[in-house]
Amino acid sequence: MHQILAAVFGPGFFASAQVRAAAAIGAVVAVVSAVTGVFTVMRGQSFGGHALGDVSAAGGAGALLAGLSPVTGFVGLGIAGAAVMDLIGVQRLRGRDLATGVVLGAAIGLSALLLFLGTTSGSATGATQQIMFGSIFTVPAGTIWAVTILGAIAIAAITAVYRPLLLATVSPDLAAARGVRVRLTGLLFMLALAVSVGLSSLAIGAILSTALLIGPAAAALRLTRTVARAVVLACVIGVAATWLGILLAYDSYYWGSGQRGLPVSFCVVAVIFAAYLASGLPGARPARRGLAARPATAAGRGISPMTVAGKER
Amino acid sequence: MFASFMTTAWVTATIVAVIAGVVGYFVVLRGSAFPAHAIPKGAFAGAAGASLLGVSTLAGLAVFSLLGALGIGALGRRGRNDVATALTLVMMLALGAAFLSRTSQYEPEIYSLLFGEILGVATSQILPVAAMGIACLAAVAVIYRPLLLSSVVPEVAEARGIRSRRIEITFLIIVALATAMTVPVVGALLMFSLMIGPPAAARSLTSRPALAMVLSVLIALATVWTAIAASYLYNWPVGFFVGALGALSYGVGRAWAAWRHARTRPATAPHPRPAAGSA
Chain A
1 MHQILAAVFG PGFFASAQVR AAAAIGAVVA VVSAVTGVFT VMRGQSFGGH
51 ALGDVSAAGG AGALLAGLSP VTGFVGLGIA GAAVMDLIGV QRLRGRDLAT
101 GVVLGAAIGL SALLLFLGTT SGSATGATQQ IMFGSIFTVP AGTIWAVTIL
151 GAIAIAAITA VYRPLLLATV SPDLAAARGV RVRLTGLLFM LALAVSVGLS
201 SLAIGAILST ALLIGPAAAA LRLTRTVARA VVLACVIGVA ATWLGILLAY
251 DSYYWGSGQR GLPVSFCVVA VIFAAYLASG LPGARPARRG LAARPATAAG
301 RGISPMTVAG KER
Chain B
1 MFASFMTTAW VTATIVAVIA GVVGYFVVLR GSAFPAHAIP KGAFAGAAGA
51 SLLGVSTLAG LAVFSLLGAL GIGALGRRGR NDVATALTLV MMLALGAAFL
101 SRTSQYEPEI YSLLFGEILG VATSQILPVA AMGIACLAAV AVIYRPLLLS
151 SVVPEVAEAR GIRSRRIEIT FLIIVALATA MTVPVVGALL MFSLMIGPPA
201 AARSLTSRPA LAMVLSVLIA LATVWTAIAA SYLYNWPVGF FVGALGALSY
251 GVGRAWAAWR HARTRPATAP HPRPAAGSA
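Protein sequences appear in the order of chains A and B.
Read in order, the letters of the first sequence correspond to residues 1 to 313 in this note's numbering.
Read in order, the letters of the second sequence correspond to residues 1 to 279 in this note's numbering.
Hints are computed from structural coordinates only; laboratory data are not their basis.
Glycine residues also receive a C-beta, built at the ideal position from the N, C-alpha and C atoms.
Treat each hint with caution, since some may be false.
[Said to hold, decoys possible] Selected chain B positions facing chain A (in silico; Cβ < 7 angstroms):
no.	residue
1	Gly-54
2	Leu-87
3	Ser-101
4	Tyr-234
Put together the whole structure using the sequences plus the hints.
Laid out in structure tokens, this is it:
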């Protein structure tokens with residue numbers, strides 16, 4: 001038994017402070033991302049969720065240059081980007097796609113400039129790679145508190161508008177008829193998404209941010225038919241994938257002779273991707289197809305807007 | 001600015017702008033902004049892989065952008081591919097991170113592959129870029145009618161016997177082709193800006209497809225040429241100017257459309273917004 005454990009967990013896995021910090025921050029980010037992710041996938045805003053990561057990374061580059069704290073830069077520009085997307089994006093799906101694209105294009109141009117200025121001023125070697133890829137193993141100790149508190153605020157905001165948000169997601173027309181302020185609810189969700197994505201791309205890098213936002217939620221929505229269960233399941237998948245990925249990355253240092261491990265972002269993403277593919281296997285799905293990830297016509301495919309509306313009162 | 005070492009930059013930038021203008025028009029029309037962002041960005045991982053294996057960057061980019069297009073097409077369901085796009089993208093980027101961790105010589109190239117190094121294009125690169133550009137335009141010309149129909153009214157296209165899924169995959173492959181040739185020149189991220197801003201502006205100026213495509217190419221050309229000139233003069237990265245001008249052209253297009261809308265229907269909008277009027 002002991003030998004099996006020793007083979008699974010590389011030497012010093014549990015004793016490593018780095019591993020413990022990574023596991024803690026990874027779990028916090030995975031939970032926050034899973035909660036926002038379920039709504040992101042249901043609303044068809046995966047692009048927005050990913051784009052906000054890049055937008056907030058531009059903020060990170062700016063903060064680096066201006067000497068502000070990274071949290072301010074990441075979350076600040078992320079929120080500004082979400083507001084602009086909401087401002088120029090109409091409610092139609094295609095308009096949203098374009099609005100996201102335009103904001104993303106401008107943000108990319110901005111980060112090209114900021115990273116250029118940052119690297120030529122000499123203060124930030126390797127900043128490009130750090131901001132693009134990040135690493136869960138290099139999170140500063142103080143960041144975990146900022147991530148936890150702001151993440152809790154994002155979850156609280158979503159919980160506060162849970163019912164109207166759900167109704168506006170599943171059937172915007174019915175929600176409007178019921179007096180839900182669809183536009184305002186959507187804006188509030190975008191802001192919560194911006195906070196969540198900004199924090200996760202700061203803490204674990206842009207790749208993992210999108211992976212943890214979309215992957216567990218998409219897998220969970222294929223596996224279950226109620227939203228509440230999907231949220232819980234997404235949290236479980238996200239945390240499990242993060243920890244398994246960290247373990248694999250740690251162990252990979254002892255594979256082969258190179259003594260060069262695999263990056264943790266690769267390991268976590270690979271686990272999430274496998275989980276998503278597995279959730280699509282014939283036996284994994286419930287009898288009827290899972291919660292539809294189609295915002296406009298989700299009504300006919302698993303979740304009924306009437307039940308949502310009924311419970312709203 | 002027009003010295004001989006700049007000629008290559010002007011020529012390649014012109015080819016890139018024409019491709020981006022044409023392909024981008026369909027990207028905007030189909031609402032495929034996310035795949036158009038994901039394929040170039042994910043293809044960047046292919047360049048890292050190519051550097052690891054010691055094969056040409058162009059080959060790595062081509063293989064990975066095709067893989068990305070096919071991955072999005074295979075995982076995506078009818079008419080909806082944003083989850084599939086996100087997951088394909090992160091998987092490719094994760095592979096890129098794994099490649100990067102195995103090689104150390106690659107690091108300085110990251111910035112230029114992401115944000116472009118248009119002033120550093122070699123003369124020998126013009127020919128492959130031009131050849132792939134022509135292939136791209138030819139592919140668009142061949143499927144022009146069904147592509148347009150399935151982009152604008154997918155239901156009618158289906159009723160006419162056009163396989164929208166096949167069109168979707170073909171279109172993604174065209175985006176992939178456009179990507180592979182342009183990433184070394186303008187960078188993975190800026191190809192996206194160029195495929196969104198100018199076509200979006202063109203679309204708000206006219207609703208006629210052929211005219212919009214011509215306008216889209218013209219705006220893309222103006223954007224790239226201005227960006228190169230400004231970059232040469234002020235020594236700031238080309239990417240910044242491309243991104244800023246792309247967003248600006250979209251803003252101007254939207255304002256012009258709003259102004260025209262207000263003018264043609266004065267009864268419903270008695271107070272045209274001042275911003276729209278001045279644009």
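Structure-based check of all given hints:
1. Gly-54: Since chain A brings no Cβ nearer than about 17 angstroms to Gly-54/B, farther than 7 angstroms, the hint is violated.
2. Leu-87: holds (6 angstroms)
3. Ser-101: holds (5 angstroms)
4. Tyr-234: violated (11 angstroms)
Violated hints for the displayed structure, listed by number in ascending order: 1 and 4.
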